[in-house]
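Student: Could you put together the complete structure from these sequences and hints?
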Amino acid sequence: MPNLMVFLLGVIALAAFFRFDFIFYVVYIFFFVYLLSRAWIDAVLKRIVCERTYEGRALNGEKVPVTLTVTNRSWLPIPYLRVHESVPARLKTPNFERAVLSMSPRSSATMHYELDCRHRGLYLLGPMTIEAGDLFGIYSEERQVIHKHNIAVYPRIVSLTDLSLPAQTPYGTIRRKQSLMEDPSRLLGVRPYMDGDSLRHIHWKMTASSGQLQTKRFEPAISVEAQIYLNLNRADYSVQRLATASELAIETAASFAAVLTQQRQTVGISSNGSDPLVDEDSAINLRPNRGAAQLTAILDVLARIELNEQVPFEVILREARLQLRWGGTGVVVTPHATDELVSILLLLKRSGLNIILILVDPQASFAAIKRRMEQAGIETFEVWQESDLNVWR
Amino acid sequence: MSGGNSTREALAGSARPASQFAMEEIIRPLAIAGMMTCIAKSVAMFVSIMSPNWPADFIVILVFLVSLESIHAQRLLNRREAGQRDVFRFRFVEWVVILLVIRFGMYFTYGSQRLLQDMSDWGTDVATFFSAEFIMEALLIFVFWAVAAYLSKAIQELESSPFEKPPVVTDPDFYLRVTIPQHGQVDRRSRIHGITTTYFIGGALMIALAGLTQMDIRNMALVGKPATPAILNIMLYYAIGLLLISQVQYTTLKATWENQGISVAPALGQRWTIYVLLFLGLVGVISALLPVSYSVGVISVISTVVRWIAYVVLNLVYFIIAAVTYIVMFLGSLFKNQPMEASVTPVPVATPIPPDVVGGAAGTASWLQVARSMIFWGVLLAVATYAILRFLNDRWDLFRRLKDLRILKWLADLFRGLGKGSARLWRTLKSGLQRQVVALRQARRTRPRTRRVNWNRMTTRERVRFLYLALLEYAEDQGLTRPHSATPLEYEQSLAASLPESGQAAHQLTDSFMVARYSEHIVDDELVAVAQQNWRSARRALNERKRRLAQQKAEGDRG
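Just so you know, the protein sequences line up as chains A and B, in that order.
Numbering follows my numbering, with no gaps: position 301 of the first sequence is 301.
Take the position in the second sequence, starting the count at 1, then add 393; the result is the number in my numbering.
Be aware that one or more of the hints could be misleading.
[Stated by the list, open to error] Under 8 Å between C-beta atoms, here's a sample of chain A residues computed to sit facing chain B:
| # | residue |
| --- | --- |
| 1 | F7 |
| 2 | L9 |
| 3 | I12 |
| 4 | A15 |
| 5 | F20 |
| 6 | D21 |
| 7 | V26 |
| 8 | P88 |
| 9 | R98 |
Keep in mind that the hints were calculated from the coordinates and are not lab data.
C-beta: ideal position from N, C-alpha, C; glycine also.
Tutor: As structure tokens, this is what we get:
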């Protein structure tokens, strides 16, 4: 109410001139309208509780429902409650969800909206703010009730089935029975003894307890680990294809991780990209492991990962020998193959590792690079666009 | 203007939720009209002091109705998007009807005698139709009509407009829309400011009028405190005003939300009104519980300060006026070459000769007067008929909607049912009453008539007359009926002949009656006491006569 104070002073002066004491009732009314309005809104806003419910991880292309619950725990109603939820523009258009609620005492209301997760990344939902005001336009207050929450959208995963890769690579179902290829340090379990089994592999304790000969089972040593090396050094990408190629590289890495996990292989990832949840600009390194949890961990990293300029990719590759055992496979996803990179790959190859090179932004003739790498026995692929992944479908 | 538009209005009306419709079409107009009525009541109280015969109650009721009409007309014109010519015709019709209501409505207060007298004057002199009182009342009503329309329009402009929403680039009117001043955005702040300022000015005016009502203007001194109705009127105004302010706030918020595309809870509008009423009730109760008597000291101090300030300001104004007048006179004297002190002796104005009495000799009106009278009444009737018919036609949709209101239908059914029931009841009662009336008439003939009178409430003159009339009735019951042609003195003689023993009492009572009835002499308590004494004597004599006659009759029967 504009001019309220001027009016009150004028009325008091007028009443004083005429010696009216009943004017105090008018003053009381306006005073209490002002005071109670403020107290009402303050009291109610303190007792508003909001909750955001959603799934924190989403596959690319998935629609994630979000539920906002607003609860009025006060014994007073709210004239109006304006709810504003900020949403990342890449997940929803328009980039907010708003509503005006009218809440009775001790009641709750829900709002629903959907996130259209079409872009990989780590997004922040919120903050959610509420605004309440009185009935006369005297007082209104806005408060932030829910802070930002994360949602990770995984990169697109292309289903790779037909992996026409070198035979010594661990892709595909590997059934090797040669004892020489089994690692006696990795006990997998026991099974009943069969003719031809080595006596050295008999599990005597189990034999004694079961009354039958039991033979130890070992993990086949041919099932070597695979490590994906992802180059996200901004300087290595061309300016024109920085966004496209980097996303393509991440997508490729995710697709390889998914297919390897599906084939029950051990897989890990190393990258020089930065993780927004980690303060330090250190390299990302997930040791090879198997199972759905490992895939989730890899996809979480790939959902969050961003371009970086601090760690050169060559440093990551030089550490590969320490991470992979002999016979392991290194899937190198990088925009371009520089001479230094090639020399490191050759070194890794000579160390007994299988190397697959995938270029997403070759800045020189890909044919020349491929020819050069094939001479060293390194399979090289170019993924210029998503359809290029079809070679593995 | 009413064909296709009425359909559109009906559609627009039906699209709104019931709570919103009630808020826009009922609560807001009633609140605005209520505020106007409160101010009108204060004005009426003030004017009634100066002119007690002024039709204050009629004006107050008329202000309420005219305010409602003003709001309805404003909304109607806005919905119809009428052209300038239509608006002019609409307003003309509206004001003709209002003026007719003012002109003829005031005779509810003045009475039909004055209406007939004024009507005879209008025929002879058209100018008397537009009397000063009528013009002043019309101007007063016009002010309230205009303020109500302003408030209604301001609130309506706070509502969301389709032009406020940003146009789509592919919209054919995109260029037109983006080149609208302020991009079609309504300056709501200025509207709210205007509404609250009007509210506050109205409140201050009411307090000032209440003060002036209690003020001796000649001595510039307060002679009392405002009456309770005046205080309640002011408090009611502030309460209704706050209700209206809350509606303004709701309308503003709703428009803002609609422009931003925010979904609003459907129950908000209905709850808003309930919350406002509860809130104001709570504030009213708290305020009523708080004392104000101890604050008189405070208000006295403030009053002294304010009066001193007013005194200083007034003296300052007087001084400035005197200085300016002196300078102007001095400059004037320079041009006229006259001394400044030269004063002009005022010449008394001769008393005007009273005009000749007209009309006494005009028993035979000239043909010109008859023609003028006929023209006046013809024009008046034509204009009134046209205006009333157009007025009703313009608002036909409102009447139709009112007819369709559920509560009115319910009331109609109720009244219909009550009518049937009451008809049956009336028939039963009528037959019973008729029987009772017949019985009562028979009983009245046989029993002495009684009259409900309150001796204490009667004046001394009425008491004397009452005693004499009682004597007449008493005598009539005993066969000594007064002939209609007999004067009191003549009847006194016949009564004295029948009642020789109380002839003196009958004579004195008749004298007392003639003094009370036909003279302007003071009738004091002593005369009443004498009349009472005479009445008792006459009654005793009448009773004695009755007993005597009864004995004679009994003896005659036995003999």
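Student: Would you mind marking each hint as holding or not holding in the structure?
Tutor: Now the hints, each set against the structure:
{"no.": "1", "hint": "F7", "verdict": "holds, 4 Å"}
{"no.": "2", "hint": "L9", "verdict": "violated, 10 Å"}
{"no.": "3", "hint": "I12", "verdict": "holds, 7 Å"}
{"no.": "4", "hint": "A15", "verdict": "holds, 6 Å"}
{"no.": "5", "hint": "F20", "verdict": "holds, 7 Å"}
{"no.": "6", "hint": "D21", "verdict": "holds, 5 Å"}
{"no.": "7", "hint": "V26", "verdict": "holds, 6 Å"}
{"no.": "8", "hint": "P88", "verdict": "violated, 19 Å"}
{"no.": "9", "hint": "R98", "verdict": "holds, 5 Å"}
Hints 2, 8 from the list above are not met by this structure, while the remaining hints are.
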